[in-house]
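Chemist: What follows is the residue order along each chain.
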Amino acid sequence: MRQLSDEFLQCARRRVNGPVAERTETDLRRATSDLYYALFHAVCGSLVEPLRTHTENPGFKEIFALLYRKPDHGRLERKSRQALGATSLDPRFKRVAQQICGMKNKREDADYNPLAKMVLSTIASDLETVETVLEDYWNADAAARIGFAIMLSDRELR
Amino acid sequence: MSEALLDIVKAELGHEIVAELRTRSSVNRDGETAFWVDIIYLGERGALSIESKQRVIDGVWSLLDVEDVSPVVSFISAEDLTLEAAE
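Residue numbers (this note's numbering), protein chains in the order written: chain A, 1 to 158; chain B, 159 to 245.
Keep in mind that a hint or two might mislead.
Subject to a maximum C-alpha distance of 27 Å in a straight line, what follows is the list of computed DSSO-like cross-link-like pairs (lysine-lysine) [claimed, not checked]:
1. A:K117 with B:K168
2. A:K94 with B:K168
3. B:K211 with A:K117
Derived by calculation from the structure, the hints in this document are not laboratory data.
Could you put the whole structure together from the sequences, leaning on the hints where they help?
Modeler: This is the structure we're talking about:
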């Protein structure tokens, strides 16, 4: 369930590490956006982890899509901040929550603010950090990871 | 606030490497407030270890009231700003 998240990371890597002469401002903006979406789809993918079985059943597909699309960007940011207050939160999940908040705002700047300055060292640093926190995220216990994803996606949990 | 932030950053990264700290606030499209902390460091890109950067992020998060504000921490090599100014 991590394929999309991994592919967003690969896209960011290609854009940041490509030939200097060919690297554009757009590459840096898109890389920033890719990093946020790698985090976002990691949470979405975890929500559907319990549904491992693949089937062509239309009802199954509907439930899969409903669960996968449950995270909402604004709520994800708020819940990530709240999650940091949970004393029992695994540090690996704490770092994912921190990066969701940071990268969501950077992604908005990259995508919507024409005056934002994209700096290679910042984006290369963000790439290294997001790669590391997501690797730790996927290495965590699956049940705990799914519980964390539900916590960030639950409409009622305040 | 800025002085406390600077103390945390310098304590984690070393006084000699931190050139400047820039902070600002913004409200994003979801109505959430973001507090941006740009840390400008001396040295080449990639000079900071992932562990030291994580400790700085933890320190910034511990200092802010994250019930209401999302901390957004960026590490910027002074080398990049020099190149930018030269362009």
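Chemist: Work down the list of hints and note, for each, if the structure agrees.
Modeler: Each hint tested on the structure:
1. A:K117 with B:K168: Cα-Cα ~24 Å, so holds.
2. A:K94 with B:K168: The hint holds at about 23 Å.
3. B:K211 with A:K117: holds, 21 Å
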